[in-house]
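Protein chains in written order, with our numbering: chain X, 1 to 354; chain R, 1 to 354; chain C, 1 to 354; chain E, 1 to 354; chain D, 1 to 354.
Simulated from the structure, these hints should not be mistaken for lab results. This structure is a prediction, so every number in the text was calculated from the model and none was measured. Each hint should be verified, as a subset may be incorrect.
The list cannot tell twin chains apart, which means a pair is met if one copy fits it or any two copies do.
Below, computed lysine-lysine pairings styled on DSS-like, alpha-carbon distance capped at 27 Å [unchecked claim]:
| # | residue 1 | residue 2 |
| --- | --- | --- |
| 1 | Lys161 | Lys352 |
| 2 | Lys295 | Lys81 |
| 3 | Lys25 | Lys123 |
| 4 | Lys25 | Lys351 |
| 5 | Lys101 | Lys25 |
Letter by letter, the chains look like this.
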Amino acid sequence: MARFLKNTDARKGMHPGSLVFIGKKKIEDCIVSMIQYNADSFDEQSLDEISDSARFVRDDFFAWLNVDGLHCSEVIRNAGKHFNLHPLLLEDIMNTGQRPKLEEFDNCLFFVLRMLRFDEQEKRTVSEQLSIVLFENLLLTFQEEPGDVFDPVRERLRKQKGRVRTAGPDYLAYSLLDTVVDSYIEIIERLGEDIEDLESEILANPSQAAMEKINAFKREMNYLRKCIRPARDMVVQLLRIDNDLIRENTIPFLKDIADLFTQAAEAIDTYRDMLNDMMNLYNSIMTNKMNDVMKHLTVFAAIFIPLTFIAGVYGTNFDHLPELHYQYSYFIFLAVLFLIAVSMLIYFKRKKWF
Amino acid sequence: MARFLKNTDARKGMHPGSLVFIGKKKIEDCIVSMIQYNADSFDEQSLDEISDSARFVRDDFFAWLNVDGLHCSEVIRNAGKHFNLHPLLLEDIMNTGQRPKLEEFDNCLFFVLRMLRFDEQEKRTVSEQLSIVLFENLLLTFQEEPGDVFDPVRERLRKQKGRVRTAGPDYLAYSLLDTVVDSYIEIIERLGEDIEDLESEILANPSQAAMEKINAFKREMNYLRKCIRPARDMVVQLLRIDNDLIRENTIPFLKDIADLFTQAAEAIDTYRDMLNDMMNLYNSIMTNKMNDVMKHLTVFAAIFIPLTFIAGVYGTNFDHLPELHYQYSYFIFLAVLFLIAVSMLIYFKRKKWF
Amino acid sequence: MARFLKNTDARKGMHPGSLVFIGKKKIEDCIVSMIQYNADSFDEQSLDEISDSARFVRDDFFAWLNVDGLHCSEVIRNAGKHFNLHPLLLEDIMNTGQRPKLEEFDNCLFFVLRMLRFDEQEKRTVSEQLSIVLFENLLLTFQEEPGDVFDPVRERLRKQKGRVRTAGPDYLAYSLLDTVVDSYIEIIERLGEDIEDLESEILANPSQAAMEKINAFKREMNYLRKCIRPARDMVVQLLRIDNDLIRENTIPFLKDIADLFTQAAEAIDTYRDMLNDMMNLYNSIMTNKMNDVMKHLTVFAAIFIPLTFIAGVYGTNFDHLPELHYQYSYFIFLAVLFLIAVSMLIYFKRKKWF
Amino acid sequence: MARFLKNTDARKGMHPGSLVFIGKKKIEDCIVSMIQYNADSFDEQSLDEISDSARFVRDDFFAWLNVDGLHCSEVIRNAGKHFNLHPLLLEDIMNTGQRPKLEEFDNCLFFVLRMLRFDEQEKRTVSEQLSIVLFENLLLTFQEEPGDVFDPVRERLRKQKGRVRTAGPDYLAYSLLDTVVDSYIEIIERLGEDIEDLESEILANPSQAAMEKINAFKREMNYLRKCIRPARDMVVQLLRIDNDLIRENTIPFLKDIADLFTQAAEAIDTYRDMLNDMMNLYNSIMTNKMNDVMKHLTVFAAIFIPLTFIAGVYGTNFDHLPELHYQYSYFIFLAVLFLIAVSMLIYFKRKKWF
Amino acid sequence: MARFLKNTDARKGMHPGSLVFIGKKKIEDCIVSMIQYNADSFDEQSLDEISDSARFVRDDFFAWLNVDGLHCSEVIRNAGKHFNLHPLLLEDIMNTGQRPKLEEFDNCLFFVLRMLRFDEQEKRTVSEQLSIVLFENLLLTFQEEPGDVFDPVRERLRKQKGRVRTAGPDYLAYSLLDTVVDSYIEIIERLGEDIEDLESEILANPSQAAMEKINAFKREMNYLRKCIRPARDMVVQLLRIDNDLIRENTIPFLKDIADLFTQAAEAIDTYRDMLNDMMNLYNSIMTNKMNDVMKHLTVFAAIFIPLTFIAGVYGTNFDHLPELHYQYSYFIFLAVLFLIAVSMLIYFKRKKWF
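Assemble the whole structure, with the sequences as input and the hints as a guide.
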């Protein structure tokens with residue numbers, strides 16, 4: 001949770017629309033790259049500055065400008081000037097603690113969401129803010145660091161697979177959202193498998209560690225829910241607004257990813273239910289195990305208690321204790337103890353006390 | 001849960017609308033069969049290819065084309081071309097991890113849902129994806145494997161029972177949905193009976209196994225809920241859209257199955273509540289049982305403790321211990337022990353400690 | 001719960017609208033009775049067949065036809081023909097597993113709900129399906145067996161009390177719903193009193209049986225909720241539809257019973273909350289009682305443990321054990337034991353350990 | 001809860017609109033009092049009958065008629081005739097088990113709610129039904145017994161404070177609702193203070209009695225919620241209906257009490273959460289306390305167990321037991337026992353077992 | 001909770017709109033200060049009375065009047081007269097127990113909310129009521145005491161940073177709300193960090209104190225929720241009303257803080273979930289720890305029980321007890337005891353009983 005809000009502390013006291021990067025600087029230099037395409041041709045290049053795009057951009061092309069690294073306020077400010085972006089939009093791009101949302105501006109659509117990645121080392125999900133600005137013929141994307149899940153989209157652009165080359169930047173935006181939601185589902189599945197493994201582990205060998213793992217998974221699921229639920233709302237809102245930037249025939253595709261987002265959100269709820277059930281199961285198993293041990297030990301003790309007492313009786317030093325003086329009384333004594341022990345065992349067994 | 005999302009992994013990175021089968025291949029060859037009917041005649045045949053239907057289809061007939069097996073992308077692609085289906089629709093048919101949903105296209109209505117079957121061997125519910133495409137005079141259905149719950153509908157078509165022969169493919173679609181929801185309810189009832197048996201079992205003989213069964217039933221109910229809830233939403237949506245493909249006089253029938261879906265969804269919630277109550281009952285019984293054993297054993301031990309102490313006192317080797325030397329002191333000693341034991345028993349009994 | 005769905009199994013595979021009775025046959029022969037009334041006169045008779053009503057019915061009268069017993073498909077079919085009822089309506093009448101609902105047809109309003117009765121022998125609520133079909137001048141009712149809660153209404157019709165004789169069949173339908181909801185509230189109150197008694201019982205004498213009773217009440221409340229909630233929705237829907245069969249001045253009366261249904265549904269929720277609170281109370285009392293016993297017994301044992309040890313020390317056979325040989329050491333020994341016991345008791349008491 | 005529905009039993013079987021008092025008769029005779037006022041003058045008198053009001057009422061005045069005691073059906077029937085009230089309205093007035101609600105009639109607005117009072121003797125909240133009928137120039141109120149929370153309003157009327165003298169009966173009705181909601185909040189605060197005291201008590205001295213108090217508070221809160229929630233809905237509905245009886249400039253005042261009702265309802269929810277938290281706290285404290293006792297006693301017992309065993313070994317009567325015969329073996333024996341005890345204590349302490 | 005309602009007690013019985021301060025008097029004298037600004041100039045001064053503003057106010061300026069201290073009813077009444085404020089508005093300003101809300105009046109918009117501050121000494125959040133009245137060219141704010149979170153806004157006004165100097169009082173109101181929500185988030189973050197620390201503490205060293213801390217945090221979160229949720233609703237409502245006082249281009253900024261309020265409300269929910277999880281974790285750890293101790297001690301006791309019994313057997317004084325008389329029987333006896341102890345240890349270890 002705290003992973004989300006931490007930035008606001010830094011923001012406090014600044015005037016709205018002030019362009020200060022808030023977040024963790026993840027790379028040294030910002031990288032600007034541009035892809036231009038139409039049905040017939042494809043061009044990919046890396047730029048020094050956003051404003052360079054003016055020199056390269058051609059009218060009969062769609063363009064996708066991607067910026068990696070949000071701490072270069074110069075680059076963002078340039079983009080703002082160049083594409084006439086609202087100051088609040090720019091501020092949202094640079095403040096990496098945004099809740100996923102969609103905003104309509106006069107000249108563009110703006111959506112923020114989070115790209116998720118499972119960090120193998122830290123064993124937890126890490127996220128990166130992805131801002132998308134959709135214009136008539138242009139798509140701007142802003143990420144915190146290089147490396148994303150969009151390579152398949154780039155590949156499809158290059159190789160002219162599917163309709164992405166012909167369909168305009170709204171379809172491109174859809175393609176990006178599509179790969180993002182796919183990565184969500186992949187991460188949920190991965191966690192889901194771990195959760196299911198944990199259930200077997202709990203059944204086989206319940207331990208305090210399992211309990212802590214359950215709690216860790218719950219935290220992870222809470223984090224995913226915080227990322228995915230508002231993202232789903234964003235996509236549903238995208239379907240409902242009536243904005244020319246979203247072309248008619250992109251709508252069915254957006255419906256499709258709305259379904260996927262819903263599926264992801266429901267999967268999270270299901271796993272949360274499973275984790276709660278597992279905690280109950282764990283507690284129940286632990287209690288049963290403890291009860292089992294205690295019952296066995298208590299029965300064990302209970303059998304010796306009267307035996308020890310009887311031995312104590314014949315250890316007394318009374319002058320007149322007739323049983324002590326018979327020839328076989330020791331052996332009778334042992335036999336009686338044995339009989340008592342056996343009949344108690346039988347009695348407890350019948351009562352199902354162990 | 002994971003049974004639902006597993007496929008998305010394979011999907012990742014493909015372009016939208018790509019026709020690749022995602023799922024478990026359940027049969028070798030795909031089977032295409034066609035039923036043509038009108039009020040007066042009925043014709044049933046098996047085809048080599050979807051496009052063959054062109055040769056056989058007659059204008060004054062309604063037709064039902066069924067495809068078993070979704071891995072033959074050639075067949076699906078042919079169907080797509082032949083009936084002018086949207087690429088997303090085809091993709092949804094071939095990806096067996098769909099969430100039940102309804103989609104309106106220009107020329108047809110498309111709905112996906114899941115057929116459920118209780119697998120006697122694995123002792124769990126398995127599901128198969130059913131895609132229905134409704135045209136003016138034609139119904140297309142796609143299933144993962146041969147064998148379905150539709151034989152009664154085929155029988156009614158053959159034998160001209162009810163209004164199915166006269167009422168058009170929307171009524172036929174209704175009939176299919178009706179048998180599907182009937183099978184849902186049958187499975188819920190079956191699980192419901194097992195759950196009620198489990199309750200008696202818990203009352204008679206609570207054990208860790210019962211706890212694990214409760215959890216297994218919960219998982220099963222979660223799975224059913226995932227299948228049935230969106231299916232109910234789908235049917236309710238079907239009632240609300242105003243589409244000519246749904247004829248006026250089919251609406252009351254659809255209302256009827258909307259009720260059945262709701263009933264099924266409510267039954268699942270009720271059983272989930274029952275399972276939670278059973279878990280509480282189980283925990284309460286286990287605790288009571290344990291408490292009972294512990295109290296009895298502790299009372300038992302408590303009675304011997306002072307007796308053993310007294311025997312210990314007369315086992316001491318003090319030179320001057322007057323009681324040891326009287327004639328009857330051993331018998332008095334025994335009598336006193338007996339008295340103490342009895343009065344403790346009475347005391348504990350009165351305090352209701354056992 | 002299963003009490004609700006059981007019938008669907010029989011239904012499976014039948015074509016929609018097939019007139020087969022599904023339920024438990026509760027009487028031998030179906031009974032058809034007819035009441036005709038207007039402001040001035042009243043006539044009551046028993047018919048052999050529904051179609052007989054044609055002979056007796058008079059234009060200037062309102063009529064109420066009641067059928068007891070739903071297994072006589074001939075009678076129902078006749079009714080269907082005679083009054084031009086939709087096949088689905090007839091099927092719903094004969095299938096006794098209906099969820100309470102309201103349906104508008106071209107010529108009539110149809111509502112199904114459940115009459116509840118507390119079975120003194122089985123100690124649980126049993127229900128019977130009541131179907132009401134409302135026409136312009138006629139009310140049809142169908143019940144599973146003779147005996148209902150409508151005698152006060154009949155009495156009011158006979159004795160011309162209130163406005164029922166002048167107000168048309170919609171008001172009559174309201175009167176029937178009114179007595180039904182009154183019987184709901186009566187049953188809830190009855191259960192409510194038992195639940196409140198149970199609370200006193202738990203406080204006085206908590207036992208496993210109380211826990212099982214709580215669960216039984218919960219099941220009963222779940223069952224009532226399943227009957228009453230959709231019935232309330234039905235009445236609310238009745239208020240909202242704009243159908244000429246419901247006369248303007250009947251609306252305030254329907255609002256009144258909508259309030260009563262809401263009150264009943266809320267009462268059920270309150271009792272469910274109370275049952276949950278009682279379960280917590282029960283568990284808490286049981287734990288406290290157990291803790292109390294265990295603490296007393298453990299303190300009791302703890303006091304004897306050092307005493308027995310000291311006795312053991314003087315029971316050793318060391319050649320040189322000086323204390324054994326003094327004149328009064330036995331009495332000193334006893335005094336010391338007594339002192340130890342008393343000081344331990346005081347210590348434990350102060351620590352509030354018992 | 002049962003405090004609410006109890007009356008319905010009596011109602012069962014009566015025809016709707018029958019004027020029979022249902023409730024507990026709280027006073028002997030019904031009291032009718034009338035206040036007439038306008039901006040300039042004020043007149044207060046007690047009437048023998050409602051119809052007397054005709055003689056006294058003046059056209060240029062607003063009037064407030066109050067009836068204490070609902071069992072005088074003659075008085076209520078007179079009121080009904082005199083002011084042309086709907087039979088259902090009259091029935092609702094006389095049946096003291098009403099759920100708070102608002103109803104619009106042709107000539108008046110009718111609202112029922114409950115006045116709450118904390119009964120010092122029974123230590124629980126008791127309620128009285130308050131019915132308000134609002135006409136153009138007249139306000140009727142019906143209460144179960146004399147004594148209410150409206151004296152400040154009467155005082156303001158007498159002393160011409162605020163706008164109540166000039167603002168018409170809708171503002172007067174608002175003033176009454178305002179004092180009612182103030183009394184709600186006062187009672188909630190009072191309970192709230194007791195609940196907060198209970199928390200300190202639980203921390204200081206947890207006992208079974210505290211648990212029962214928590215449950216009693218929960219019941220009380222449930223009762224308040226049943227009274228206040230529908231009353232809040234009533235006020236919100238009052239804001240939404242467009243009825244001329246509510247003058248334009250009374251609306252802001254009604255909004256104000258809608259806020260107060262909401263605040264009261266939220267306070268109840270907060271206290272319910274607090275009670276749940278307190279129950280968890282109580283259970284946790286009890287378990288910890290028990291665990292603490294058990295651990296201390298068990299450690300205590302564990303220390304003596306090996307000591308007693310060793311004493312037992314030297315109490316055996318073996319002929320050849322060398323240790324027994326050394327000069328100082330008894331003292332060595334005592335020293336060894338002491339050492340064992342101390343080292344066990346240290347071990348347990350380190351393990352934090354007590 | 002009680003922190004919220006306490007004032008209503010004092011209010012009881014007063015007529016609506018009566019101007020009496022209800023709350024805790026926090027300063028001696030009320031302080032009135034005025035800021036006037038437009039794009040070009042800025043003027044700040046402290047006034048003796050609200051009405052003084054008339055003398056200083058200039059037409060071509062925007063003005064912000066701030067009052068610290070709500071107990072000076074004279075000042076508030078003057079403000080009311082001077083700016084023509086509705087009596088209810090004035091009453092709400094002076095009653096410091098308001099639920100955050102927005103109200104539209106003819107000439108102004110009025111919103112109340114709470115400023116939060118973490119009191120380092122009392123270790124809990126304290127709040128102060130902030131009332132904002134928005135006119136065309138004027139903003140009035142009322143606070144309980146001097147000292148607020150608005151200094152950055154004043155600084156921006158002075159230094160002409162951002163658009164606050166040019167944008168009118170609606171933007172100024174936004175700026176104030178913005179700093180308020182920032183302070184909310186700061187406090188939540190602070191508590192959030194403490195909560196996360198608590199989790200580590202519980203894992204490292206679970207104690208009753210941790211449990212009480214969890215409960216204290218829960219109370220704190222409940223309090224924050226009570227302040228923030230209605231404030232969020234207020235901002236959302238502000239976006240929806242169509243009032244000229246909110247200029248078109250302020251809307252995006254308000255959307256922005258609506259997001260922040262939502263984020264804050266969601267963070268609270270997340271922390272509440274975390275606290276519940278922590279309580280479960282705590283209970284689970286405590287139970288495990290206790291179980292661990294009990295198992296070790298019980299195993300320890302169980303090993304000595306048979307040994308003590310055997311020693312008891314050889315402590316009996318039977319005349320004929322052959323084992324006592326062999327040369328090495330004592331050593332064999334010791335060896336046998338040792339063997340028994342070791343084999344029991346191995347057995348228990350294998351059974352994983354400790």
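How do Lys25 and Lys123 come out at 27 Å by Cα distance, when the copy is not named: within, between, both, or neither?
For Lys25 and Lys123, the Cα distance is within 27 Å only inside one copy (21 Å; across copies 34 Å).
Give the relationship of Lys25 and Lys351 under a CA distance limit of 27 Å: within one copy only, between copies only, both, or neither.
Neither, since 68 Å and 46 Å both go past 27 Å.
State whether the alpha carbon distance between Lys295 and Lys81 is at most 27 Å within one copy, between copies, both, or neither.
Classified as neither: same-chain Cα gap 77 Å, cross-chain 72 Å, threshold 27 Å.
Which holds for Lys101 with Lys25 at a C-alpha limit of 27 Å: within a copy, between copies, both or neither?
within (23 Å within a copy, 40 Å between copies)
Same-copy or cross-copy closeness of Lys161 to Lys352 [CA-CA at most 27 Å]
neither (70 Å within a copy, 60 Å between copies)
Against the hints set out earlier in the document, violations occur for numbers 1, 2 and 4.
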